[in-house]
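Engineer: Since each chain comes alone in its own frame, lean on the hints to assemble the complex.
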Amino acid sequence: MAMTLITTNTSSGAATSDFTSGIDSTYKLYIFKFYDVNPTTDSAVFTFQANASSQSGYNETITSTSFQASHREDDGGTSFTYRTGTDQAQGTAFQSLSDTIGNASDESLAGELFLFNPSNTTYVKHWYSTTNETLENEQTWQQFNAGYFNFTAALTNIQFKMSSGNMDAVIKMYGVG
Amino acid sequence: MPLGAFKAALMGTAGVSTADVVLLYDTDHSNVASASITSDITSTYGEYIFKFYNINPASDVVFQFNGSIDGGSNYNVTKTSTFFRANHEEGGASAALLYADDNDEAQGTGYQDFVPQVSSGTDEHCAGTLHLFNPSSTTYVKHFYSRIQTVYANTYPMDCFAAGYFNTTSAIDAIDFKMSSGNFDGTIKMWGVK
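Line by line, the protein sequences are chains A and B.
Going by my numbering, 31 is the number at position 31 of the first sequence; the sequence numbering is gapless.
Going by my numbering, 185 is the number at position 185 of the second sequence; the sequence numbering is gapless.
In case anyone wonders, no lab produced these hints; they're calculated from the structure.
One or more of the hints may lead you astray.
As the list claims (entries may be wrong) - Calculated lysine-lysine pairs in the BS3-like style (CA-CA distance at most 27 Å, straight line):
| id | chain 1 | residue 1 | chain 2 | residue 2 |
| --- | --- | --- | --- | --- |
| 1 | B | K194 | B | K51 |
| 2 | A | K28 | B | K51 |
| 3 | B | K194 | A | K28 |
| 4 | B | K189 | B | K51 |
As the list claims (entries may be wrong) - Pair by pair, the computed Cβ-Cβ distance ranges are:
| id | chain 1 | residue 1 | chain 2 | residue 2 | range |
| --- | --- | --- | --- | --- | --- |
| 5 | B | N154 | A | R83 | 44 to 54 Å |
| 6 | A | T20 | B | T44 | 25 to 35 Å |
| 7 | A | S21 | B | S59 | 47 to 57 Å |
| 8 | A | T10 | B | T78 | 27 to 37 Å |
| 9 | B | T122 | A | N137 | 41 to 51 Å |
Predicted model, so just to flag it, every value in this text is computed and none were measured.
Glycine included, every Cβ here is placed at the ideal spot set by N, Cα and C.
Next comes chain B alone, as it looks inside the complex (with noise of 0.2 Å):
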């Protein structure tokens, strides 16, 4: 079962934080180029959770994102990363489970794909999880996993897992969400987990 399905147990009802699992940052974005989370990331917490609601792009585009080991100045920390999907086509066709390689990273310092595409129908749209490992560390580099559910190519329900590390052991203190390109509008929350 997802964790989705336990986020009123998990986290409180309507996001209400409780006291190991703290709601850091709720924020209702509209029509912007990138969410930019500059703050909080500390060593407070060893786990941040972050949750995606109704994440909807101004065409059919990439959702994205990256770390930054300087507050924000730069989003190009280097990462190695891995991306599977599962789709199914709402007429029936095209059922898939797949490693997808143009999604994954080897090394790279550009933005890590959460999905291949998130359709910018005014009913469309993605939503799901992140989870990134003790960002503050440095010691060890910073491992992450993502489930996203999203419309692709208007008509296909796509599920897709995105997981890996930033290969670095500076602390990654800022985190940056975006389309590949174009805006967007969409609802983001952070927690922290003691």
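Pulled out of the complex, with its shape left as it was, chain A reads as follows (with noise of 0.2 Å):
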């Protein structure tokens, strides 16, 4: 077995970076790993949702956990602590990846999202994610996602976008056998 790049995205000035084709039973893993993720706008949040087969939209039902670490570059502050304002309890809407990640030239967001075994039919879909920002207000921000989407259905598609506004990303999409 081995790590397969099956697709990349790359989005200049993109509201979202989809991925609508190579989601299924080849693999029993999938990661997406993001690199040098730029919002247009100011203190937006990167977000994920995913489709299931024979369904609609990006709307899928997610009960998720959410922490955070985060330091200033002034060393005026640190925080560690359980976000209940990004977990969800049975939610449709855009889960959270993030906090609010500056738009300056040279500010970014980078991690990865694992997700486990979307065209199983008979289980909910596990998934959790590391990420590192720089947030608006000159600070490093370090976040981690957990959850699962509470559907047996097959999951095919996943979009990502920000809160608010266009980014630009490099997003890249891998099979683990």
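Structural biologist: Structure below.
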């Protein structure tokens, strides 16, 4: 088995980054890698959602957890907390993968999302993510999210977008057998 | 599940490279002051993954790293970072999850701590993973994060998470690993992810 690059989405000023093919029973694990994700709008949040087979729209039910660690460049404060504002309890909204990213020319987010066995039609679909970002107010922010899509149909599509505005980004999807 | 659990799946049996994840560096170090990687960190790959195996210091000290923007002449890149850890003493005491501000950086140029300490007993060491994202970018800061499991104070397993960014738009083209003092043994591998 090996990690196989399936799709590379290079976005420039795009509203969304969509993965609408290649998510099937070929692989038990899909890994999405995020490089140089830079929002057009300052303080936008990087998010994702899924679409189940035979459904429409990116609006599947999610229950998730979220926690973070952060530290200001001026050493003015640190935090390490559970985030009630970025988890979901049977919500259908886009799931936050970050806090508010700065849009300066050198600011960005990087990280990865693991999605387990999305084509299974018996179980819920587990996922977890780790990201690191430059906040709009000069601090580093690491965020961990995890949860499951609470449906048993096959998951066939994934969409990433900002909470507002467009983005530049390179997002790669790998399959692991 | 940590990435390490998927090592064989992601990176091939016995570390053999695959087409999209390529093993670039694999060195068994013995009693060295530092381990510098000064080649192959280029725009060829969007991400580099480092794995540390059996990192054993000569004394009870801190395992650290830094980047270079001049090919390894200087390891002193400005960084801001976070650090948190979980620990639990072998006897059942001192279970904790906390932020550790002794091990983070605020625009510092010093070496970033992976762990507060690696105990130096003959069976003691640390192991784990570092991700470095798009180090050759000349537009963005360079994000990194690590998860290292260590033996602390001879009797504590300690799970350590460091993360942050090299606050530079210059390309990072070399990286150095060392102890806060003294020498160490251990195996370090680096993969490029296409």
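Engineer: Decide, hint by hint, whether the structure agrees.
Structural biologist: For each hint, the structure was consulted:
no.	hint	in the structure
1	K194(B) <-> K51(B)	holds (17 Å)
2	K28(A) <-> K51(B)	holds (24 Å)
3	K194(B) <-> K28(A)	holds (20 Å)
4	K189(B) <-> K51(B)	holds (5 Å)
5	N154(B) <-> R83(A): 44 to 54 Å	violated (35 Å)
6	T20(A) <-> T44(B): 25 to 35 Å	holds (28 Å)
7	S21(A) <-> S59(B): 47 to 57 Å	holds (55 Å)
8	T10(A) <-> T78(B): 27 to 37 Å	holds (28 Å)
9	T122(B) <-> N137(A): 41 to 51 Å	holds (47 Å)
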